[in-house]
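Let chain G serve as the given structure and place chain B on it in line with the hints.
If you read the sequences in order, they're chains G and B. The first sequence begins at 0 in numbering that gives the first Met the number 0 and counts up by one. The second sequence begins at 0 in numbering that gives the first Met the number 0 and counts up by one.
Don't take every hint at face value.
As the list claims (entries may be wrong) - Footprint (simulated), chain G over chain B, 3 or more residues, beta carbon under 8 Å:
(1) 113 to 120
(2) 123 to 137
(3) 143 to 157
(4) 160 to 166
(5) 175 to 182
No lab work stands behind these hints, which were simulated from the structure alone. Cβ atoms here follow ideal geometry from the backbone N, Cα and C, with glycine treated the same way.
Each chain, letter by letter, is given below.
Protein chains: 2
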Amino acid sequence: MARTGRRRGNVDTKRQIVDVARAQFAELGYDGVSLRGIARAAGVDPALVHHYFDGKSGLFADVMQLPVDPALALPIVLDGELDQLGERLLRFFIGLWESPETGPRMRAALRTALSSEESSRRLGDFVAREIMTRLAARLDSDRPQLRATLTGSQLIGLAVGRYLVQVDPLTQASVEELVTATAPTLQRYLTGPLPS
Amino acid sequence: MARTGRRRGNVDTKRQIVDVARAQFAELGYDGVSLRGIARAAGVDPALVHHYFDGKSGLFADVMQLPVDPALALPIVLDGELDQLGERLLRFFIGLWESPETGPRMRAALRTALSSEESSRRLGDFVAREIMTRLAARLDSDRPQLRATLTGSQLIGLAVGRYLVQVDPLTQASVEELVTATAPTLQRYLTGPLPS
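Bound-form chain G, shown alone:
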């Protein structure tokens, strides 16, 4: 009984933290939220928040029901040759959308995020902080932040066209066709000449 009670207590506490986090992200935006503030509002020890979630990025991923926490996944993708980074990013990104396990959650999360101005901006802050900054830090060219967001624009455009709006033949093209057609675009944004 004690074990069951403790287990249920943990589930409730975790859910309570997620609920508080959801409200705070909505009210304060991604950048305005701190794990300490969430712990205070939830009436729990900050160490407990850290125990359940791998930092703010992981907590946001949980709130948004994202299938991956970019703070954990991105370093693995960024590791490796810089002149193949475009293709690695593309294959990882497309993989998230193609997989029967993560694809439906990616579609639902993007739809939800884009449905209102407020949630779009929240997603934007998260993407800037947790994805674009990491990607830019991996580059050693001029204007790394602009390069990162241009890369993001082609990736998100593929997602919207192929998985949300579903325009043929973009939807019917094979993953290999997509990679061959768009990896050079990403690689040029990341490491190619960028007009000043």
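Using the frame of chain G, we list chain B on its own:
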């Protein structure tokens, strides 16, 4: 009095056609709808639908509150040198989003269209039929439809990143910076070598 009555009658008839069209687009999808069927359901003469709207594309644009009917605007953009088409498309597209008059309507229309699976598919059918087919017909390379949708993916990705999610520095970049950075991508998709 008679004039006022007739004028109001026209406004009511036009609104009635739009209401019927909205319902039919939702029920049957873009491709499943005909102007004749809409006229029948609205209890008006088909000639009246043609009188108020420039074809199905214009009626859909009205229902979606799009600021432009691509069937009218696109031929103007497509006209001209093929090796500058990427930049022309880009400048026209960005112009729609940047303008204080059309920008807010573009944002609202895209948000609404992406908010549900059904409305996304409807937008997809419309884009395929009224935009991609016209763009592909202008190209004289292999796989024109795939080229058109790849072009569309970069355009819509710019719109989502810069105007909906608003990730800096994509949002703060000048139009000229965007054009110099992404026009080569569009031009490669349109007329460049495409891996088979």
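Cross-check of the supplied hints:
no.	hint	in the structure
1	113 to 120	holds (count 6)
2	123 to 137	holds (count 4)
3	143 to 157	holds (count 11)
4	160 to 166	holds (count 6)
5	175 to 182	holds (count 4)
In summary, the structure agrees with every hint in the numbered list given earlier.
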